[in-house]
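> Given the coordinates of chain A, assemble chain B onto it according to the supplied hints.
Residue numbers (my numbering), protein chains in the order written: chain A, 1 to 110; chain B, 1 to 113.
Heads up, a few of these hints could be off.
The following label-pair restraints were derived from C-beta to C-beta distances [to be verified]:
1. 59(B) / 54(A): 28 to 36 Å
2. 20(B) / 39(A): 22 to 30 Å
3. 109(A) / 77(B): 36 to 44 Å
4. 59(A) / 100(B): 13 to 21 Å
These are calculated hints, taken from the structure and not from any lab test.
Ideal placement from N, C-alpha and C gives every residue a C-beta, glycine not left out.
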Amino acid sequence: SQWGEENLQALSIQEGEDVTMNCSYKTYTTVVQWYRQKSGKGPAQLILIRSNEREKRSGRLRATLDTSSQSSSLSITGTLATDTAVYFCAPDTNAYKVIFGKGTHLHVLP
Amino acid sequence: GGIITQTPKFLIGQEGQKLTLKCQQNFNHDTMYWYRQDSGKGLRLIYYSITENDLQKGDLSEGYDASREKKSSFSLTVTSAQKNEMAVFLCASSFRQSSYEQYFGPGTRLTVL
Numbered sequence: 001s002q003w004g005e006e007n008l009q010a011l012s013i014q015e016g017e018d019v020t021m022n023c024s025y026k027t028y029t030t031v032v033q034w035y036r037q038k039s040g041k042g043p044a045q046l047i048l049i050r051s052n053e054r055e056k057r058s059g060r061l062r063a064t065l066d067t068s069s070q071s072s073s074l075s076i077t078g079t080l081a082t083d084t085a086v087y088f089c090a091p092d093t094n095a096y097k098v099i100f101g102k103g104t105h106l107h108v109l110p
Numbered sequence: 001g002g003i004i005t006q007t008p009k010f011l012i013g014q015e016g017q018k019l020t021l022k023c024q025q026n027f028n029h030d031t032m033y034w035y036r037q038d039s040g041k042g043l044r045l046i047y048y049s050i051t052e053n054d055l056q057k058g059d060l061s062e063g064y065d066a067s068r069e070k071k072s073s074f075s076l077t078v079t080s081a082q083k084n085e086m087a088v089f090l091c092a093s094s095f096r097q098s099s100y101e102q103y104f105g106p107g108t109r110l111t112v113l
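Only chain A is shown next, with the shape it has when bound in the complex (with noise of 0.2 Å):
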């Protein structure tokens, strides 16, 4: 079972618009990790969120945690046409794996 589903599977939006991408998962964590793929790559961490921070900022971008929701979300300000990749949400399991979402397919038109 996936435990990480991010909602939306593509975007397609202008270079400097603000983006959010959601994620809910099925179960109990207390630590989601957004990663990020660009194409031919592997994924990559941009930021890690625990359940006691709600929110966490790493430059132009931003990582909320709901528990009570079961609920993630990152949000990237300015984007760039560098920004365009998927980006997967990854629910800590406490038990040495996460689990990884389809991605969102992020596309920024120059």
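Structure of chain B alone, referenced to chain A:
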């Protein structure tokens, strides 16, 4: 900084063939993972290893074997390649016995003829 190397980058095999994919990391990480990524789908965990000589099955282990010969290397064997296994296989590693921040290799693209 470290790096994860996967070989080969492209692997072409015949249906029914036994195929081996290799992964090396120089992060000195304890835990290593093998994932399969099909087009339009997320990553599915095949095997992982929390230390040398340890093997743990993931959600997709049937049809695969793995080997953690030493801390820095983790191999995956497709025991009998099938046409519906055309996918990208990704290797990852993480520090200590934690799934936090996995570092991924560039992947091996498998094509079965």
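> Against this structure, judge whether each hint is valid.
These are the hints, each one checked on the structure:
| no. | hint | verdict |
| --- | --- | --- |
| 1 | 59(B) / 54(A): 28 to 36 Å | holds (30 Å) |
| 2 | 20(B) / 39(A): 22 to 30 Å | holds (26 Å) |
| 3 | 109(A) / 77(B): 36 to 44 Å | holds (42 Å) |
| 4 | 59(A) / 100(B): 13 to 21 Å | holds (20 Å) |
Consistency with the previously given hints is maintained throughout, with no hint failing.
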